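S.K.: Spelled out from the first residue to the last, the chains are:
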Amino acid sequence: MLDVLTVLLTLGGLVFFAGATMGILRFPDFYTRLHAAGKLDTLGALLTMAGLAVYNLDPFSMATLLTSLKIGLAVGFIFIASPTATHAIVDAGVRAGLRPWVKQEDEQQ
Amino acid sequence: MLVHATLDFPGWGDPNAPAHLHVAPEYLEQAYEKTATPNVVTAVLADYRSYDTMFETAVVFSAGLACFFLLRVQSRKKEEEEEEDRYFRHLATDMVIRIRTPSMHVPDSPYLQQLDPYWTPRSLIVRAACRVLTPFIQLFALYVVAHGHHSPGGGFQGGVILGASLILVALSHDLRTSMKMTPEKLMGVLSPAGVLIYAGVGALCVAAGHNFLDYGALAEWLGTAPEAARSLGILFVEVGVAVCVMATMIIIYANLSSAGGHKQGL
Chain A
1 MLDVLTVLLT
11 LGGLVFFAGA
21 TMGILRFPDF
31 YTRLHAAGKL
41 DTLGALLTMA
51 GLAVYNLDPF
61 SMATLLTSLK
71 IGLAVGFIFI
81 ASPTATHAIV
91 DAGVRAGLRP
101 WVKQEDEQQ
Chain B
1 MLVHATLDFP
11 GWGDPNAPAH
21 LHVAPEYLEQ
31 AYEKTATPNV
41 VTAVLADYRS
51 YDTMFETAVV
61 FSAGLACFFL
71 LRVQSRKKEE
81 EEEEDRYFRH
91 LATDMVIRIR
101 TPSMHVPDSP
111 YLQQLDPYWT
121 PRSLIVRAAC
131 RVLTPFIQLF
141 ALYVVAHGHH
151 SPGGGFQGGV
161 ILGASLILVA
171 LSHDLRTSMK
181 MTPEKLMGVL
191 SPAGVLIYAG
201 VGALCVAAGH
211 NFLDYGALAE
221 WLGTAPEAAR
231 SLGILFVEVG
241 VAVCVMATMI
251 IIYANLSSAG
261 GHKQGL
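Chains A and B are the protein sequences, given in the same order.
If you count the first sequence from 1, position 16 lands on 16 in UniProt numbering, and the numbers rise without skipping.
If you count the second sequence from 1, position 89 lands on 89 in UniProt numbering, and the numbers rise without skipping.
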């Protein structure tokens, strides 16, 4: 039962990671790439590490519960730090005067 | 000559190399019994090779000292000159004008806006997130310092994490705020104090009639077995290293990021 949950969580995380990688490689400019990296990486990390925490609980004891709680703490910190870092980088880009990408037709109008 | 001499070195990973035959097996087999420290790396670093680590700490301290002398002292003269400069932004063209002569009168105009030259843009989100994270980072740093006996970590790593958390404050707020929290003078005292703690532990061992940095000598004062005293001696020394590394990191960051002015950071 726990194994099924682990597989589901980890696979879900990998889907998001794959999406993030695709986004970083394929999106046209700085802001859109950061959007993919900031959002999907965070959720991917959340899901894969939740999978790990569940997997770790298998022979249930206080020790494994403590380890899983530590993984949960790490996830919590990633959840705060990663979007903040993305925000700071985007902010720096705006201040440095980088203009967002627009479609070619819009630019001509 | 040097290149020729290197040809006589034992091969990479050679199990019969002299370094692997004499000291290494002894360290691995006896470190736990003699120092009550499960992490052999820490035992070798802070007990068997204690002199080495003490002078490494002194090197860290002198790096901070060099940074202070090279950047800080020079900029004191420059600071006095720059103090009278006023900055105005012309709102229509967005140009910034610097006025260097203090006596020059600038008329009140709706097109001119006076700027604070030390103002840095602040982001509420970044500030709030860093405020939440910093205490946890510092707690983790203390854990790394104190847990060096059992897991990877120790004074250098813990000190760097502690220093980095304070640098994070400087980055997310501004340098003037962080210099109020960690005053330059305090850091200047803490940096050599770390080296002094290290050397002082060694001197205590001499006072107890043993060799310098032979922590077993502290057993009588601490009221423990010599092995446990070695373990505790390593902890004291690690605390000294952590204090020195933290203070030095802040000194180096503050001087480098503001070119010695300590007013406007990155």
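Hints should not be assumed to be uniformly reliable.
Far from chain B by the CB rule (all over 12 Å, computed), these chain A residues [claimed, not checked]:
| no. | residue |
| --- | --- |
| 1 | VAL15 |
| 2 | LYS39 |
| 3 | ALA81 |
| 4 | GLU105 |
Straight-line Cα separation of at most 20 Å, SDA-like style, residue types lysine to any residue; simulated pairs [what the hints assert, rightly or not]:
| no. | chain 1 | residue 1 | chain 2 | residue 2 |
| --- | --- | --- | --- | --- |
| 5 | B | LYS34 | B | HIS150 |
| 6 | A | LYS70 | B | ALA146 |
| 7 | A | LYS39 | A | SER68 |
| 8 | A | LYS70 | B | SER151 |
| 9 | A | LYS39 | B | ARG72 |
Keep in mind that the hints were calculated from the coordinates and are not lab data.
Just so we're clear, the structure is a prediction, and the values are computed from it rather than from any experiment.
Glycine included, C-beta positions come from ideal geometry on N, C-alpha and C.
S.K.: Each hint: holds or not?
M.R.: Verification of the hints:
The Cβ of A:VAL15 sits about 27 Å from the closest Cβ of chain B, beyond the 12 Å cut-off, so the non-interface label holds. Non-interface status of A:LYS39 relative to chain B is upheld: no Cβ of that chain comes within 12 Å, the nearest being about 15 Å off. The claim that A:ALA81 is not at the interface with chain B is violated, since a C-beta of that chain comes within 12 Å of its own (minimum 6 Å). Listed as a non-interface residue, A:GLU105 keeps its Cβ farther than 12 Å from every Cβ of chain B; the least gap is roughly 30 Å.
For a cut-off of 20 Å, the pair hint linking B:LYS34 to B:HIS150 stands: about 15 Å separates their Cα positions. Pair hint A:LYS70 plus B:ALA146 holds up; C-alpha atoms about 18 Å apart against a cutoff of 20 Å. At roughly 24 Å between alpha-carbon atoms, A:LYS39 and A:SER68 are farther apart than 20 Å, so this suggested pair is violated. Between A:LYS70 and B:SER151, the direct Cα distance comes to roughly 16 Å. Compliance with the 20 Å bound is thereby established for this hinted pair.
For the hint linking A:LYS39 to B:ARG72, the alpha-carbon distance of about 42 Å lies beyond 20 Å, and the restraint is violated.
Comparing the model with each earlier hint shows violations of hints 3, 7 and 9; every other hint is respected.
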